[in-house]
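**Q** Each chain, letter by letter, is given below.
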Amino acid sequence: MNRRIFAALTTVVLGFGIIAGIGTYVAAAKNDPGVLIAKSAEDYTAPDGTQYPQVKLSLNVYPNSLFGGHHGAGGGAHPDYVSYAAGGPNGEVLSDAKAGTNFQVPPHTAVTITVYQYDSGETLNNDYFAHIRGTVGGTATFVQRWDTKAKANASPEQQITNIPADMVGHTFTVHGISDKKSQLFVSVPLMMSNDDEVTAAEEAGGYTQFPTKTTFTFITGDEGEYVWNCEFPCGDGTIARFGAAMSTMGYMSGHLIVKG
Amino acid sequence: MPDTNTPYFTGQWWKRKDVKRHAVLWVILTALIGYFGSEIQTRAMGTPASEAMENVIHLIRIFTWAAAPVAGFVAAIAIGALMGKRHHGDFPPPEAEHNISNSPRTNAVWIVISALLCLFALVAGLIALQKDNASLLDAKAIHVNVVGQQWAWNYDYPGTAGVRSNVLHLPVDRPVVFHVTSKDVKHSFWVVQMGIKIDANPGVFTESAVTPNKIGTFDIRCAELCGLLHAYMQNKVIVESQSDYETWLASQPDTGKTTWTEEKAAA
Amino acid sequence: MTTMMEHPAPTSGHSPKVGIIRHLNIFTAFALGALTAIVVWRLSLSLLPADSESAPLFTREDKITLLSMIGWFVGFMTGIGALVAPFRWVMGKDLSHEENMYLAGKDMGVKRYFRYTTDHKVVGIQYLVITMTIFGMGGILAMLIRANLGTPEGGWIHPQAYNSIVGTHGIIMIVGTIIMVTGPFGNYIMPIMIGARDMAFPRLNALSFWLIVAAAIPLIWGQFIGGISTGWSAYNPLAGQAPLGMNGYIMFICIFALSTMVAGANITTTVVRMRARGMTWNRTPIFIYGVVASVALALPAFPVFFLSQVMSGMDRALGTSFYDTARGGSGWLYENLFWIMGHPEVYVILIPAVAALMEMAPVFTRRPLFSFNVAVMGIAGICGLSVLVWAHHMYMSGWAPLLNAPFMLTTELISIPTGMLFLVLVGTLWRGRLWMTVPTMSIFALLWNFMIGGVTGIYLSDVPADAFLHGSMYVTAHFHYTLMGAGLTGAIASLVYWFPKMTGRMLDTKLSWASFWLVQIGFNVAFIGMFFVGLQGQPRRVEAYAAIFNKGNLVTSIGAATIMTGMLILLAAVIGSWRNGVKASMNPWHAKSLEWTVPNPVPLENFETLPVVTEDVYGYGRKSS
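Chains as they are written, first to last, in the numbering used here: chain D, 1 to 260; chain Z, 1001 to 1267; chain Y, 2001 to 2625.
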């Protein structure tokens, strides 16, 4: 073969090799943890009587990444970032959770999510998100004080449709791309935990014993990829408080993959 | 090609063989460019859902046809040049048989025609712009407040008890004015099939108006990079009959507040 | 070049008068730059006070990052030797003749490419290499974007990195295209073409190049501290919210703007003051007009860009609120400043590329350039109008709806001078004898691509149509057609055309033809696909999209891979031909401009005796009686 042509072909192969290499590096460098596949549970009967298969997820929200979640020892690169993480079945803090912001659930299924919210809170910038939207019945089951030691409610359980807009810790808001498939929109506000207790616990090197507990169920549609994020501005010290943890995958946002 | 013995640049130019050939090419190419240029583009844009979008499609069609003769002219000469004598090799071909370096008449014609086309485009645009602007002032319009925030849209409906939704509902054939704002960074409110768009700026209200004229479900997409989940900042808009719209409004829970008032919008 | 030592052994051949200059090169520059950055970083880390928990913005990390980057910049420029001559001048001991000749790289061999060398030919080659490097990096990022957009869900690269890749691709390609003609060819060829021995300010010439190298590092640095997640336009307040990587963008732009201003002043002065005797404005080649128009346009534009980024940096690091609406600033202010730079800037890119092809058209059609005066008028008209059109990027911003109509007027007027450039090119093709070379076909490619880019520009200039098209992939495809389809095509043609003069060898014909066709076909496939998804309603800068856009995106990705293949073949051709290509004669294209009257390789000061111009540079074609 002509030397020139050989050199050209080599350049092309090398060039694409370099692109593939850099791409693989960038793709692997995401500090985005693995996918948590929701656990199957007993069938779910909607208020209108329809039966759905059901999956369940248990999540925790922390005021920082120091002691729980999936960011590695000492909180990883951003120990001061607020973060979602996979939690134990009773809201236990899992210090070595491998996932917590990317979830996979089957299509046309009832997804029941329980969130234990360990952070304090403030006022939403948009009280639209103080209302529960897109869940079955537009409601959620709420416990203001959940005792993680006794594994029991420390205050009565109630059905709610909204919470005061100035007592919001975080929200769990799922949305997706506008296309031909069925649309999924779920937004649930998570009430703040007691401010003093959160601060005291942090000084003691841990999380409060009494997080709030919110449980809600929504029905998935067709297969597709959705995202969720928190709509409570909790990226302190950034413009609109939406930078930092809010703009980094793996903390207050992630993917919800509907796939069966 | 001209006979080398008879000087080419004498006699009436429009009788020359190659001028005629280029003229034929020009006409054919103009037709092809105009037809395919406008057809392919307007097909891709799909069915319009408002008069504003019909205007956009119309403008793209007439601009394409207006540009087609110019593009056709350039293409005709380019193709003509490529079809002429081509020379390959390491040494240059003999120099051209002429040394024309200017033609004031051609220059003048070219500049006048391009100025006229430019004027035409401007007038067509101004007329359409005037229509769009006038729709903002329609007294029969309903008003919807659009709030963009990192990475969600929501809409509230003034005049109701406080109905707010993440899917936009609109009655058909009724003008609607959007008052758009943002809670954090810039977003851009784009109702795709209705051909309108306006940026959502933090701290201020911007206005855009449209009259949906088709019942159906259409797309709203954010058209300004707004951070991490910009790609997912999308919603549906459902255009329905007036009665369906009212039924829907009545079925919505009273959330107590709306964020939009006439005073705020006026400020 | 790894054999080069950090401490080059003092050679006996040089006069002892050549002081510290001898010891400074790219290695000392990098070493001193890194050292200064580390020292400043450590100092600011320990000295700067912590942010107050109640402050609206936390700025300490931004301060540290920006200070370290400034430290890098100062260290690097000192290490390369940029400060030696000014320092000596202030001390009243200006550089001696030996020192100046040493700075010009006399008898230094290949080492002169790694120093603060003032010879315009060295700077030209340095620019050529850095332009190719920038396009290589930008191309790799483009391929990552296209790979990620192969499927609707994206997800191969996660959103944060994706946004950063889009922004970095954008800004470095913009920078690459700004320097792609005026850098290599404006520096190497232009002074010879006007019959000068060097630039008017040779040291500023070296400065403008090394500023770009200094600028590159903060940008790369920024990639590792959060990236540039805002797109190349870095709109505020999003840029204020973005991670620390934004500081890399800010520093990059500030230093690059300095480089552009320095180069602009230098090139303008050179052309105005140093043309050969007899080279009246009517006999000055059109390429010179293109280069001067480009840099002269950059002169008012880039200080504004500089300013916009300084304010952006102050918002981040000092807690000011120029652009933060919540505290009384305005995002529209940023948009205005940005586009006051941004719209002249596209013509900064385009004009020299088109002018280069106009320069080549007479050579390869063997007839005079058609309507030289109209070409000059077109260039001047574009320059004049382009500073009055910036707000057409802001039709939909809500900033000033009442100004939409006047800006629509100025924008559409610009089609008239642009049309003049087309007239000159087609007029030159008319009844010429085509010599089929890559530059010749590039003229046709330019006509095709620029026509599509220009006509789609008319739709976008129209406010109601823009209400649909703004912010969509249609815009992306449009400016790729102008900047890449027209601009880069002109730059590659320039490379093929002037390669023999710059390297003394011919660029491999077969490979450059293969590259030409792959790039042009791939380009049109890619960006017609992109027009299509734009019309269907796909927004720009998204990492995932609705399923209906999949076909168009797939087509675009395939086209992009084709372009990449073509570009890699061109790279192979350049490297191969540079090392052992066919030796070129002094004037391989039998052209009539001055750069072809000097021997290969071009001697240090170009001309033994300065030439006197007596003839039209486009005097081709048989005289008709």
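Please note that a few of the clues may not be correct.
Said to hold, decoys possible - Lysine-lysine pairs mimicking DSSO-like chemistry, simulated, CA-CA at most 27 Å apart: (1) Z/LYS1085 / D/LYS259; (2) D/LYS180 / Y/LYS2510; (3) Z/LYS1085 / Y/LYS2510; (4) Z/LYS1085 / D/LYS180; (5) Y/LYS2551 / Z/LYS1236; (6) D/LYS98 / D/LYS30; (7) D/LYS39 / D/LYS181.
To be verified - Among chain Z residues calculated to face chain D with C-beta under 10 Å, some are: (8) PHE1036; (9) SER1135; (10) GLN1149; (11) ILE1220; (12) LEU1228.
As the list claims (entries may be wrong) - To list a few chain Y residues with every Cβ distance to chain D over 12 Å, as calculated: (13) THR2078; (14) ALA2085; (15) TYR2162; (16) GLN2241; (17) ALA2265; (18) GLY2278; (19) ARG2316; (20) ARG2327; (21) ASN2336; (22) LEU2403; (23) GLY2537; (24) VAL2542; (25) ALA2546; (26) LYS2592; (27) THR2597; (28) GLU2605.
Since the hints were made in silico from the structure, they are not lab data.
A virtual CB, placed ideally from N, CA and C, is assigned to each residue, including glycine.
**Q** Just want to verify: Y/GLY2537 was marked as not at the interface with chain D; is every Cβ pair farther apart than 12 Å?
**A** 9 Å, violated
**Q** Is it correct that the beta-carbon of Y/VAL2542 has no partner in chain D closer than or equal to 12 Å?
**A** 9 Å, violated
**Q** Was Y/ASN2336 rightly flagged as not at the interface, with every chain D Cβ beyond 12 Å?
**A** Since the minimum Cβ distance to chain D is about 19 Å, Y/ASN2336 lies beyond 12 Å and the statement holds.
**Q** Regarding the hint that Z/LEU1228 lies at the interface with chain D, is the smallest CB-CB distance below 10 Å?
**A** 5 Å, holds
**Q** Is the Cβ of Y/ALA2085 more than 12 Å away from each Cβ in chain D?
**A** Fine: 39 Å to the nearest Cβ keeps Y/ALA2085 off the interface.
**Q** Within 27 Å, alpha carbon to alpha carbon, are Y/LYS2551 and Z/LYS1236?
**A** 22 Å, holds
**Q** Return the status of the interface hint for Z/PHE1036: holds when the least beta-carbon distance to chain D is below 10 Å, violated otherwise.
**A** 28 Å, violated
**Q** Grab the minimum beta-carbon distance between Y/ALA2265 and chain D and tell me whether it stays above 12 Å.
**A** It holds; Y/ALA2265 is separated from chain D by about 36 Å at its closest Cβ, greater than 12 Å.
**Q** Please work out if Z/LYS1085 and Y/LYS2510 have their alpha carbons no farther apart than 27 Å.
**A** 21 Å, holds
**Q** Within a Cα-Cα threshold of 27 Å, do D/LYS98 and D/LYS30 meet the stated pairing?
**A** Since the Cα atoms of D/LYS98 and D/LYS30 sit roughly 14 Å apart, the hinted pair holds (cutoff 27 Å).
**Q** Would you assess whether Y/ARG2316, listed as outside the interface, keeps its beta-carbon beyond 12 Å of every beta-carbon in chain D?
**A** 9 Å, violated
**Q** Would you say Y/THR2597 is clear of chain D, with no C-beta pair closer than or equal to 12 Å?
**A** The claim holds: Y/THR2597 sits with its nearest Cβ about 31 Å from chain D, beyond 12 Å.
In terms of the numbered hints stated before, the structure departs from hints 1, 2, 4, 8, 9, 15, 16, 19, 20, 23, 24, 25, listed from lowest to highest.
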